[in-house]
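Visitor: The whole structure should be built from the sequences, with the hints applied where relevant.
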Amino acid sequence: MSTQARGLNNFISDLRNSKSKSEESARVEIELAKIRKKFNPGDAKLASDGSNPSLSSYQRKKYVWKLVYIHVLGYDVDFGHAEVLALVTSKKYSEKMVGYTALSLLLRGSDPVMSRVIDTMKSDLTNAPSSSTNKKSNAPKNDAVQCLALCSLANISGLELIQAMHLEVQHILVSPSSTDQVKKKSALCLLRLTRTSPNLISGREFAPHLGNLLSQNQHLGVLTSVLSLLHGLALQQTPSYEILIPHVVHILSLLVMKKKCEREYLYYQTPSPWLQIKLLKFLQLYPNAVENHDLSTTGGGSMVGEEHVGQLIGVVSKILMETDVSDSINKSNADHAILFEAVDLIVAWGTSCPVVLREGAMKLLGKFISVREPNIRYLGLSTMAKLAQIDEASVEGAKNHQATVLVSLKDADISVRRRALDLLFVICDTDNAERIVDELVAHLVVADASIREEMVLKIAILAEKYATDLRWYVDTILKLITISGDYVSDSIWHRVVQIVTNHPQGDLQGYAAGTLFVAVAPARCHETTVRVAAYILGEFGFLIAERPGMSGDEQFRVLHQHWFTVDTGTRAILISTYAKLANLYEECRPLVAPVFAKSKNSVDVEVQQRCAEYAAMREAFSPEAVEDLLREMPPFEDKRRSALELRLLETEGENSAAVAKASIPSEVEQQRALLAAQMLSSGPIEEDMVNGMQPIEEQDDELVSKPSDEHPEDGDVDRAVGADPSGDVDGEGSAGGGMSQDDQANRVLVGIPKELIPAMRKAFSNLCTSPSGVLFENSMLQVGVKHEYVGAQGRISVFFGNLHSSPLQNFKVRVDQPDHLRMQMQGTQDLIDDGEYDSPGCTVATKTQAKLMILLEVTAPFDDAPSMRITFDTEEGEHHDYPLRLPLVATCFMEPVNLDPGAFMQRWKSLEGQDRECQEVMKLPPNAPEIDEKYMDRVSKIIVDGLKFGRCQGVDPTPWTVSGAATFRTGAQDMNGNNINVGCLVRVEANPRANAFRVTTRTLHPLCSKAIKNVSLVSIKLAM
Amino acid sequence: MISFILMVNKQGQTRLSSYYEWMDMQERVALESEIIRKCLSRSELQCSFLEYRGFKVIYRRYASLFFIVGTKADLDVRALDAPGSTAENYENELGLLEFIHSLVETMDRWAGSICELDIMYQLEQVHFLLDEMVMNGYIVETNKSNVLRPIDLIDRESKKTEGMFR
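Residue numbers (UniProt numbering), protein chains in the order written: chain E, 1 to 1024; chain V, 1 to 166.
No lab work stands behind these hints: they were computed from the structure. Keep in mind the model is a prediction, meaning the values are calculated, not measured. Glycine residues also receive a C-beta, built at the ideal position from the N, C-alpha and C atoms.
Partial chain E-side listing against chain V, Cβ under 10 Å, derived:
| # | residue |
| --- | --- |
| 1 | L188 |
| 2 | L229 |
| 3 | N333 |
| 4 | L339 |
Beta-carbon label-pair distances, calculated as ranges:
| # | chain 1 | residue 1 | chain 2 | residue 2 | range |
| --- | --- | --- | --- | --- | --- |
| 5 | V | D155 | E | N212 | 34 to 42 Å |
| 6 | V | D24 | E | G791 | 54 to 62 Å |
| 7 | V | E105 | E | N9 | 24 to 32 Å |
| 8 | E | M257 | V | G12 | 45 to 53 Å |
Guide: In structure tokens:
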């Protein structure tokens, strides 16, 4: 037993007797100095590897162990590496052992000295005969040396070591000559190596080897390790290891059904619970394994053999139904460990799991969360939160236990309270939000500090998410501030301001102003209250100014009483509020002026600047401008992921149940979003946000007014062709689909009426969504277009018909070839002007046509239509120059995709984000017909037939939305030679009351999103 | 995976620590002392789990000794968005709780009833025993005979060599 060196024991005793931490560290310092001296005495010559050859084996081991001990105590040890290496390279097992243990504890893989152990380690691993020179080294001992090396390699796992040795480790694992002891260690060693450098192993090649290991091995230690390895590998390349499911199910069923297990591996009569857990964890990686399995019949398609699926479900039901509480706590724990893992498997299967099992699990968990045993209750709560997220029915199931969960919220144990809070968060919805939130708020009063911040954040999110009445939301947040204002972060109160500002409907703003006035009236209140109140009163105070006791100067007074107790950040907000009050109410000005005068000299730059600017504003600008500056703020942009959710993500990590929950918008939220859209279209910022059509119209007018003075004489060929100004001017503003082809038509043409423009625009839009039609027509020329597309390729035929009484001469067409299109053109001789030489053009006789055919392939997303310029002369001596645009838009290359609602929503969510999403609200002109179901039918027809999207009906709960999915096909290839395609989703939401539409597109490519949005808007308008 | 295993006395002094993920000494000392403080302050009636800075900690008390196991989601689950990531991918809590017990039982079989002093003065063997049961953060063996066999080997060898050094 007592094999430890006496010197080491003495040292440990000394440390143990130390009365204080400083005494201990002094003793450690002395010891370190002593060891340093022993290792490098100065006079003695060191060996080539840097170790001191005069140390005896006993001394060396002793000092290295001291270093290890010192390290364990939490002191840095940065010397002695040479001695450690000397031990590792020793031939003696006992020295090697100390060496390897010290190596794995003291050093990390990236340490440069590691390169010096590679050779030794390699020869130890491969069982090299070098150690057989030692007489005592017989077979089992080599096995032990191998284990040491493996263990150390696993613990260190430096990149250099891995590169040098991973092949050996793989070989040891699969070699039939390796002992069980070695196999189990090499499995975990390999796991560590693949962790450090993934893709070390090709799953397809390695999976069969693992299969052999699983099927041939009866040694449960080896199986446990191999399963850990398998789980790690399968996480990296899940599909490659799917073929091993039958093996795993087989082993599991032997353990569970037959209890086939060596006696030594029974843990309180349970066959190795840790192996069972590993097996179940592996199966969790394959959520589709039991898909389509029918409990009653055989048949149904799944990757795994039906037999195994049946077996697996049998095993899981047995675990679920037959786990009992036993007298031995150890037995009970072991069995429940397996049970919880089985429920996790059910969670992983999700909706594809037989309902019986899910309901059974929920029932069990319901029992667990009401027991007294804290461990079981803790796990019951946390597992139920996962189970509840499967679908509607499971949330309903969990909601039945709401009362029980609320009890756990008051538990003495913070761990349990956290889980209860998390579960409540998950089961909260519109029905029970008020109850749950009120309970949480009530509990907040007594909750201790460690959980308060988390609770406040979650309450704020729930209140916002499920508030049927936003006034309740405002009240709740106010309560939060009152109860624990210190934990209400800025993002929470900013959110209140945002929501109040963005919801002018109802009396929310007035209500908020009134409530906050009351809240801020007492002499003492939380600073956050002052901030919210200052902002809200500044914005919406005028709504309550008529109420008794709440006039402008009263508002100033209740706010200003806090002036001396708040910090400068709050003062800055107050100053802006004062400026707004002073602007609205004459009587406030004398009150505000002295504050500004005084604060102009504030040491805080922000306060100083605000005061100076507000004070100087009246002199510097006209009254209208001041009025404008101090008007209430426009609604905030609605970011899909609020700051609160981000905060939650920060604190809880991606995998948290709460985060997943928070990111799904609730029904109420969706309704609110619709209302917000309505509000937007009647709000003050209508001019610049409503739609993209308007700016273009303005632009057109501008250009139309110019031409007469720019082109006084006709027939100036060179200039008209060379100048080409307006064709590109609208490149930027082609939000409406590039319908401004006509502007230049006006500027050069004599006798083309301006009235033609709307008709031409309509013709262009029409053509974007229909296969053929007339693009342009006047008294001389008719341009017809026919176009068809297959995938990324298309064929466009353009016909130029002469309607004039005389031939059109020098008739030329020049088509712009943008980078994103590969084009081939052919047509009537001399028609095409490729810009290289001065072609004379062709002549189109009366009542005949010239033809142009374009074959094209798209190579990248784009959002503008290519231009086509037509020039010709008439016999009358007029020169005509029409810059048009081909109706070639992104949606031409769509291929419909039919998604089921779940898949649609999943993709929809995954494409969230600034540059992937495009959204625009369009208000129909006043003379437009009402939006009714017939209109919506036309809209959906346009999305399906015109834009070539696959309609996803299941996602549209009301007739007022249309959702679709499509793929944008390009001919460009990625590195692997596959064509690049862009998945596109579109959603049109109508608001009949406001007579407005909102179009949202989400694609992987910003240009695609923009282009689809534009085309949809134009087409919807067209459907009027 | 298991990130660390600590054996701590009721005064909060670490008697043995084994980390399976490299951590800077400073960070390690801070983490260790905070986790130990939390564990020691909990009552017998509370559950055996606590969450701290992304770790799920499972602990068990035996008279004056605390066994503390810290776990984290698997290394690559944290990086990858693996299909199983809806479940938190922690180690099974009750499983580890019983693993601690199995560890203690194994130590008992080796040293009679294990106590703080055994751990301090048999540092070498305890480390070795632990290495036989846990390797790089995963359970490798729970069969007590298998675990103890290599330790017997050292004992035998050290007896042979004893004469040479003492």
